[in-house]
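Enquirer: Just so you know, the sequences run in chain order A and B. Following the numbering used here from start to finish, the first sequence increments by one per residue and tops out at 113. Following the numbering used here from start to finish, the second sequence increments by one per residue and tops out at 112.
In case anyone wonders, no lab produced these hints; they're calculated from the structure. Any given hint could turn out to be false.
Stated by the list, open to error - Going by beta-carbon spacing under 8 Å, a handful of chain B positions derived as facing chain A:
#: 1; residue: 16
#: 2; residue: 43
#: 3; residue: 45
#: 4; residue: 56
#: 5; residue: 59
#: 6; residue: 62
#: 7; residue: 90
#: 8; residue: 101
#: 9; residue: 102
#: 10; residue: 103
#: 11; residue: 104
#: 12; residue: 105
Stated by the list, open to error - Below, computed lysine-lysine pairings styled on DSS-like, alpha-carbon distance capped at 25 Å:
#: 13; chain 1: B; residue 1: 1; chain 2: A; residue 2: 61
#: 14; chain 1: A; residue 1: 61; chain 2: A; residue 2: 49
#: 15; chain 1: A; residue 1: 49; chain 2: B; residue 2: 1
#: 16; chain 1: A; residue 1: 105; chain 2: A; residue 2: 49
#: 17; chain 1: A; residue 1: 68; chain 2: A; residue 2: 105
#: 18; chain 1: A; residue 1: 49; chain 2: B; residue 2: 57
#: 19; chain 1: A; residue 1: 105; chain 2: A; residue 2: 61
#: 20; chain 1: A; residue 1: 49; chain 2: A; residue 2: 68
#: 21; chain 1: A; residue 1: 105; chain 2: B; residue 2: 1
Glycine included, every Cβ here is placed at the ideal spot set by N, Cα and C.
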Amino acid sequence: AQSVTQPDIHITVSEGASLELRCNYSYGATPYLFWYVQSPGQGLQLLLKYFSGDTLVQGIKGFEAEFKRSQSSFNLRKPSVHWSDAAEYFCAVAGQAGTALIFGKGTTLSVSS
Amino acid sequence: KAGVTQTPRYLIKTRGQQVTLSCSPISGHRSVSWYQQTPGQGLQFLFEYFSETQRNKGNFPGRFSGRQFSNSRSEMNVSTLELGDSALYLCASSPGGGQEQFFGPGTRLTVL
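All chains, full assembly: derive it from the sequences and hints.
Expert: Okay, structure coming up:
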């Protein structure tokens, strides 16, 4: 079955420290992969996407993610976290980019000063 | 370019009633998808419309329905509301040519 697993429910990182949020997926075909961020009471904002090609993708707000097919992973990273990055982060997979997204349960990021 | 808009932003209904939510996609986008977000089940896909036709459907009961108009605006309807239908309903639009989805702010539905 198609699924996305985000193993970490909640992560706390000090401001200025690096961040890595984990995402593992199960999908039979070549996946389209996404990371979205959601602030309280808001919709989802796309951080970055992977469709094909270079496995290291750059997104907005200084985020990047690396697609590792052998590990079925698409981990999100940021070298230096800012207090404004505190939010909930969702990894998602789809068979085609514009169709049904399958989301992970999300990881809540807290940033400590 | 204006983003995806959803109306209303908040709704309170009672069990047994029905509700209609509206979504206006980004100009030029032809695909509209709907998702339900709850604390217990997370984000779940409801259905997708493209050029007024339902192209994909998630695993929800028939009480959940939708439609898309010729201007790509979409509505979803939930009949015979249950307490468990309380959720944030998110609409997302896409150009339809294999591009990513852009989400609106959502409609918060509370069923009492």
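Enquirer: Please go over all the hints and tell whether each is borne out by the structure.
Expert: Hint-by-hint comparison with the structure:
| no. | hint | result |
| --- | --- | --- |
| 1 | 16 | 28 Å, violated |
| 2 | 43 | 4 Å, holds |
| 3 | 45 | 4 Å, holds |
| 4 | 56 | 5 Å, holds |
| 5 | 59 | 11 Å, violated |
| 6 | 62 | 18 Å, violated |
| 7 | 90 | 6 Å, holds |
| 8 | 101 | 6 Å, holds |
| 9 | 102 | 7 Å, holds |
| 10 | 103 | 4 Å, holds |
| 11 | 104 | 5 Å, holds |
| 12 | 105 | 4 Å, holds |
| 13 | 1/B <-> 61/A | 20 Å, holds |
| 14 | 61/A <-> 49/A | 14 Å, holds |
| 15 | 49/A <-> 1/B | 21 Å, holds |
| 16 | 105/A <-> 49/A | 18 Å, holds |
| 17 | 68/A <-> 105/A | 20 Å, holds |
| 18 | 49/A <-> 57/B | 23 Å, holds |
| 19 | 105/A <-> 61/A | 22 Å, holds |
| 20 | 49/A <-> 68/A | 14 Å, holds |
| 21 | 105/A <-> 1/B | 30 Å, violated |
Consistency with the previously given hints fails for numbers 1, 5, 6, 21, ordered from lowest to highest.
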